[in-house]
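Since the structure of chain A is already known, use the hints to place chain B on it.
Number of protein chains: 2
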Amino acid sequence: MFESAELGHRIDKKTYDQEVPKLREDLLNCQYDLMQNGKTAVLIVVGGVDGAGKSETASILNEWMDPRHIHSCAFPEPSDEERERPYMWRFWRALPPRGKIGIFFGAWHTAPIVGRVMGTLKSAELDQAIEEIVRFEKMLSEEGVLILKFWFHLSKKQQRNRLKELEKDPRTRWRVSERDWERFKSYDKFRKVSEYFIRKTSTAEAPWIIVEGLDDRYRSLTTGKILLEAIRERLETKPGKESSYKMPPMPPRLDDRDVLSSLPPARNITKDKYQKELETWQGRLNVLTRHPKFNKLSCVLVFEGQDAAGKGGAIRRVMRALDPRIYQGIPVAAPTEEERAQPYLWRFWRHLPRRGRFTVFDRSWYGRVLVERVEKFCSENDWMRAYTEINDFERQLVRNKTVLVKFWLQIDKDEQLKRFKEREKTPFKRFKITEEDWRNREKWDQYHDAVCDMVDRTSTEIAPWNLIAADNKYAARIEVLKTVVKKIEAAL
Amino acid sequence: MFESAELGHRIDKKTYDQEVPKLREDLLNCQYDLMQNGKTAVLIVVGGVDGAGKSETASILNEWMDPRHIHSCAFPEPSDEERERPYMWRFWRALPPRGKIGIFFGAWHTAPIVGRVMGTLKSAELDQAIEEIVRFEKMLSEEGVLILKFWFHLSKKQQRNRLKELEKDPRTRWRVSERDWERFKSYDKFRKVSEYFIRKTSTAEAPWIIVEGLDDRYRSLTTGKILLEAIRERLETKPGKESSYKMPPMPPRLDDRDVLSSLPPARNITKDKYQKELETWQGRLNVLTRHPKFNKLSCVLVFEGQDAAGKGGAIRRVMRALDPRIYQGIPVAAPTEEERAQPYLWRFWRHLPRRGRFTVFDRSWYGRVLVERVEKFCSENDWMRAYTEINDFERQLVRNKTVLVKFWLQIDKDEQLKRFKEREKTPFKRFKITEEDWRNREKWDQYHDAVCDMVDRTSTEIAPWNLIAADNKYAARIEVLKTVVKKIEAAL
Numbered sequence: 001m002f003e004s005a006e007l008g009h010r011i012d013k014k015t016y017d018q019e020v021p022k023l024r025e026d027l028l029n030c031q032y033d034l035m036q037n038g039k040t041a042v043l044i045v046v047g048g049v050d051g052a053g054k055s056e057t058a059s060i061l062n063e064w065m066d067p068r069h070i071h072s073c074a075f076p077e078p079s080d081e082e083r084e085r086p087y088m089w090r091f092w093r094a095l096p097p098r099g100k101i102g103i104f105f106g107a108w109h110t111a112p113i114v115g116r117v118m119g120t121l122k123s124a125e126l127d128q129a130i131e132e133i134v135r136f137e138k139m140l141s142e143e144g145v146l147i148l149k150f151w152f153h154l155s156k157k158q159q160r161n162r163l164k165e166l167e168k169d170p171r172t173r174w175r176v177s178e179r180d181w182e183r184f185k186s187y188d189k190f191r192k193v194s195e196y197f198i199r200k201t202s203t204a205e206a207p208w209i210i211v212e213g214l215d216d217r218y219r220s221l222t223t224g225k226i227l228l229e230a231i232r233e234r235l236e237t238k239p240g241k242e243s244s245y246k247m248p249p250m251p252p253r254l255d256d257r258d259v260l261s262s263l264p265p266a267r268n269i270t271k272d273k274y275q276k277e278l279e280t281w282q283g284r285l286n287v288l289t290r291h292p293k294f295n296k297l298s299c300v301l302v303f304e305g306q307d308a309a310g311k312g313g314a315i316r317r318v319m320r321a322l323d324p325r326i327y328q329g330i331p332v333a334a335p336t337e338e339e340r341a342q343p344y345l346w347r348f349w350r351h352l353p354r355r356g357r358f359t360v361f362d363r364s365w366y367g368r369v370l371v372e373r374v375e376k377f378c379s380e381n382d383w384m385r386a387y388t389e390i391n392d393f394e395r396q397l398v399r400n401k402t403v404l405v406k407f408w409l410q411i412d413k414d415e416q417l418k419r420f421k422e423r424e425k426t427p428f429k430r431f432k433i434t435e436e437d438w439r440n441r442e443k444w445d446q447y448h449d450a451v452c453d454m455v456d457r458t459s460t461e462i463a464p465w466n467l468i469a470a471d472n473k474y475a476a477r478i479e480v481l482k483t484v485v486k487k488i489e490a491a492l
Numbered sequence: 493m494f495e496s497a498e499l500g501h502r503i504d505k506k507t508y509d510q511e512v513p514k515l516r517e518d519l520l521n522c523q524y525d526l527m528q529n530g531k532t533a534v535l536i537v538v539g540g541v542d543g544a545g546k547s548e549t550a551s552i553l554n555e556w557m558d559p560r561h562i563h564s565c566a567f568p569e570p571s572d573e574e575r576e577r578p579y580m581w582r583f584w585r586a587l588p589p590r591g592k593i594g595i596f597f598g599a600w601h602t603a604p605i606v607g608r609v610m611g612t613l614k615s616a617e618l619d620q621a622i623e624e625i626v627r628f629e630k631m632l633s634e635e636g637v638l639i640l641k642f643w644f645h646l647s648k649k650q651q652r653n654r655l656k657e658l659e660k661d662p663r664t665r666w667r668v669s670e671r672d673w674e675r676f677k678s679y680d681k682f683r684k685v686s687e688y689f690i691r692k693t694s695t696a697e698a699p700w701i702i703v704e705g706l707d708d709r710y711r712s713l714t715t716g717k718i719l720l721e722a723i724r725e726r727l728e729t730k731p732g733k734e735s736s737y738k739m740p741p742m743p744p745r746l747d748d749r750d751v752l753s754s755l756p757p758a759r760n761i762t763k764d765k766y767q768k769e770l771e772t773w774q775g776r777l778n779v780l781t782r783h784p785k786f787n788k789l790s791c792v793l794v795f796e797g798q799d800a801a802g803k804g805g806a807i808r809r810v811m812r813a814l815d816p817r818i819y820q821g822i823p824v825a826a827p828t829e830e831e832r833a834q835p836y837l838w839r840f841w842r843h844l845p846r847r848g849r850f851t852v853f854d855r856s857w858y859g860r861v862l863v864e865r866v867e868k869f870c871s872e873n874d875w876m877r878a879y880t881e882i883n884d885f886e887r888q889l890v891r892n893k894t895v896l897v898k899f900w901l902q903i904d905k906d907e908q909l910k911r912f913k914e915r916e917k918t919p920f921k922r923f924k925i926t927e928e929d930w931r932n933r934e935k936w937d938q939y940h941d942a943v944c945d946m947v948d949r950t951s952t953e954i955a956p957w958n959l960i961a962a963d964n965k966y967a968a969r970i971e972v973l974k975t976v977v978k979k980i981e982a983a984l
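In the order they appear, the protein sequences are chains A and B.
Under the working numbering, think of the first position of the first sequence as 1, with each following residue one higher.
Under the working numbering, think of the first position of the second sequence as 493, with each following residue one higher.
Hints are computed from structural coordinates only; laboratory data are not their basis.
Everything numeric in this text was worked out from a predicted model, so none of it was measured.
Mixed in with the good hints there might be a few duds.
As the list claims (entries may be wrong) - Only part of the chain B face toward chain A is listed, based on derived beta-carbon distances under 7 Å:
| no. | residue |
| --- | --- |
| 1 | GLU548 |
| 2 | ALA550 |
| 3 | ASN554 |
| 4 | GLU569 |
| 5 | GLU830 |
What the hints assert, rightly or not - Straight-line distance between alpha carbons at most 20 Å, and here's what the computed DMTMM-like set of lysine to aspartate or glutamate pairs gives:
| no. | chain 1 | residue 1 | chain 2 | residue 2 |
| --- | --- | --- | --- | --- |
| 6 | B | LYS660 | B | ASP707 |
| 7 | A | LYS138 | A | GLU394 |
| 8 | A | LYS39 | B | GLU829 |
| 9 | B | LYS717 | B | GLU697 |
| 10 | A | LYS401 | A | GLU489 |
| 11 | A | LYS432 | B | ASP518 |
| 12 | B | LYS531 | B | GLU725 |
| 13 | B | LYS592 | A | GLU338 |
| 14 | A | LYS432 | B | ASP525 |
| 15 | B | LYS924 | A | GLU25 |
| 16 | A | LYS425 | B | GLU517 |
| 17 | B | LYS677 | B | GLU657 |
| 18 | A | LYS376 | A | GLU143 |
| 19 | B | LYS924 | A | ASP33 |
| 20 | A | LYS293 | B | GLU569 |
| 21 | B | LYS965 | A | GLU63 |
| 22 | A | LYS189 | A | GLU125 |
| 23 | A | LYS473 | B | GLU498 |
| 24 | A | LYS271 | A | GLU422 |
| 25 | B | LYS592 | A | GLU339 |
| 26 | B | LYS785 | A | GLU77 |
| 27 | B | LYS763 | A | GLU63 |
Just so you know, even glycine gets a beta-carbon here, dropped at the ideal spot from N, CA and C.
Isolated chain A (complex conformation) (with noise of 0.2 Å):
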């Protein structure tokens, strides 16, 4: 895999003084009809050996361009703030929006390959690391990101050369530390995981491009030809491509079973059984977060269901019983200009909570697999694939310690006309009744499909869907806030 790049490439430098003023003409023109576009964020990604030139081709790419329109990110020791998310959220709050220029030295592949080398990952986790990072490349890919991987090598005698070169000049002699000697040692090794891990990672979407690191002019303006390339081409394609997902065949309905239509109906409660059972399970859960393990956890809280099913009500019983200074609700509406120009759940993740604190989504990421769905606000290919999009997030939530719990609010269609009369008498102008709630209602069937494949498809063992028969409020504010505290009990 890197015979090509350890031919000992080199550019004269008469060649290159020819070729350079071109090409950053060329590179700088396209940075600004990037930005003009405004349709597509640029992520290169360099990694590779030590020593192989990855910060002298960030710094000839932000010297050829505009740098003022580059953010260059290197991913050190994670702050404590990024400690308490899950991993991936230091990359997501790194990543450029549309019509910029993001540079990640060493993004999330750098982990998997220098635990393997270490010997503190297992040959099926990196295997697992391998998978979680081709479908979230394929995921920025699909959401217009433009991935562009460079991979800088030098072979075993090259390496050696170079860290002493550096060594031997007295200007560039703090590059070389101890640690580069020490992980020299284990070039053999690297060499051999890196290539597995290269060719893993390397897809349609987001493969490696593997440059030869010896030569500075045949480096830069390989890459520079590359990026170059690459902007242009995806400049000028048009939308509208093929959808390349299908959705997997599903048993045809025969009858009127569904996982919505299965549900037993909700206990019938009185008011006065309702405030008992209310108290008891609110105190519970305050009890429960003054837990002293409580901090090492964090709380993810879904709340979908029909309009009027009853889901800022639910959600308010649960607020009640946490100490506001520990909760967050995201009232989930239109994205503002900042989300639109991100990767559809970057919204979602900029909002995740630290430890010992709740997020309760009212509605959520699952927006894209309903109402987007139904009322046509993306396409099909978009809504297929956030199913799998959906589940390998909320399993890295899991993973994180985080408590997620998923609600479904049903009830049924006459149960929802009465309560839309019932609110159209009400005075009280926040249950005020608009065009689209009755528009909405026109399309219950299209809706009930949407939920009923949504459940079959993101209920998964680590974060199964609750579905709550909420034709009685009380009922199902007391199953939510018992779903909850158990939730939480069983993760303590």
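Below, chain B alone, put in the same frame as chain A:
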């Protein structure tokens, strides 16, 4: 001052039960009006005596209103990301956007009060902190934040009883710690300092409201009613109030001498000499950033100047000296939607660098007193108060070990014309001259005056302006680099 809050106010259950339903409905409606109106953010600051019901009150407000649109924040130990920025950064990042309600527990008032009680803060330092807080709150208020500061009070006897009560009940025992009794011993001192602090920080824009904390019902009802009235009043107030800021009288300009016209011309410098000097200064800058103490500093560079004065070119020469991983360029254009929902300076606070890093602003917060003043994008009141606000902001930066370097690149009108014409000839699109550039040029004199005022009012000892004669691009770039180097050297 606390007399009225030690009278033993009580509300009987019957009155309370009668009043609450109406108050809740009004508050909730008011909250929705606030959201719909979208012009005001409500910030509720909660302070007072331990055990006086601070968190209970926040809970009840969350219960009465829609908690999904209220964000409550406590400010315990700062995270490492917070510690590396000026003290106020953690409050800035938690500010509620327009249309929303934020509740801050123990905001910026806690540290000065506790510090003074503990004796770690001198009396003069407290006064300085107070002055800054007053100006900060005035600024928030001017920026459309409705600030409500509640101080929940208990007399010494009441507090003792309250702590004992909490201890007796097994359900609340956990709330009383050794530390609470320890603090109780300082009651008198705390009371004295608080009284002084409250008096000094009770302004027309953000007065403290002292509420007796003894009786839950009295406290909740009082707080709720005040909140309701304050939001209602704000929503009913027509915008367009009188400017409260007047430009202090300036000596009339009797001759043509001003800071810009008195600037000696740039030295003439050959390209060869420039290349050599450039290398020298870039080298020095690069070495400085690898100084062991550099990681204790942050750097903020601000570039302002006329169109075509060479800001971009100068910035690129600085950036080229730096490892791309340690700088972030922020080209300041129109604010995003999320930025428009916040006080003016918010969009700059969010980009402040961590330790060992640079943020380079290409145009900056000075837009307020330049383009926004001249083009009348903001009211006279807004840009007049900006001078003080900017000075306060910059003082916080410098105090936080930030090397702040501000550049004004100055060219004369003829030189600009020459550069505009040159640019019109280049095929290279990033230098396209727009209609707007020509329009700005017509307002040359107005901009000139605005710049002179800006320099007079914001060139402070700790954050002086560096006026750079930029008629010769080479000389200007060297001057910029040299200044940055000298400033960092002085700080190390």
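Outcome of the hint check:
1. GLU548: It is violated, given that the least Cβ distance between GLU548 of chain B and chain A is near 10 Å, above 7 Å.
2. ALA550: 5 Å, holds
3. ASN554: 5 Å, holds
4. GLU569: 10 Å, violated
5. GLU830: 5 Å, holds
6. B:LYS660 <-> B:ASP707: Holds: LYS660 of chain B and ASP707 of chain B sit about 18 Å apart, inside 20 Å.
7. A:LYS138 <-> A:GLU394: Holds: LYS138 of chain A and GLU394 of chain A sit about 17 Å apart, inside 20 Å.
8. A:LYS39 <-> B:GLU829: Holds. LYS39 of chain A to GLU829 of chain B sits at ~18 Å (cutoff 20 Å).
9. B:LYS717 <-> B:GLU697: 19 Å, holds
10. A:LYS401 <-> A:GLU489: 13 Å, holds
11. A:LYS432 <-> B:ASP518: 15 Å, holds
12. B:LYS531 <-> B:GLU725: Given that 20 Å is the threshold and the Cα spacing comes to 13 Å, the pair holds.
13. B:LYS592 <-> A:GLU338: OK: LYS592 of chain B and GLU338 of chain A at ~18 Å, within 20 Å.
14. A:LYS432 <-> B:ASP525: Cα-Cα ~13 Å, so holds.
15. B:LYS924 <-> A:GLU25: 14 Å, holds
16. A:LYS425 <-> B:GLU517: Given that 20 Å is the threshold and the Cα spacing comes to 15 Å, the pair holds.
17. B:LYS677 <-> B:GLU657: The given pair, whose Cα atoms are some 17 Å apart, holds under the 20 Å limit.
18. A:LYS376 <-> A:GLU143: With Cα atoms ~17 Å apart, LYS376 of chain A and GLU143 of chain A stay inside 20 Å; holds.
19. B:LYS924 <-> A:ASP33: 13 Å, holds
20. A:LYS293 <-> B:GLU569: The hint holds at about 19 Å.
21. B:LYS965 <-> A:GLU63: Roughly 18 Å separates the two Cα atoms, so the pair holds.
22. A:LYS189 <-> A:GLU125: 17 Å, holds
23. A:LYS473 <-> B:GLU498: Violated - the C-alpha atoms of GLU498 of chain B and LYS473 of chain A are around 43 Å apart, more than 20 Å.
24. A:LYS271 <-> A:GLU422: 19 Å, holds
25. B:LYS592 <-> A:GLU339: Holds, at roughly 18 Å.
26. B:LYS785 <-> A:GLU77: 19 Å, holds
27. B:LYS763 <-> A:GLU63: Satisfied, since the Cα-Cα distance of roughly 19 Å is no more than 20 Å.
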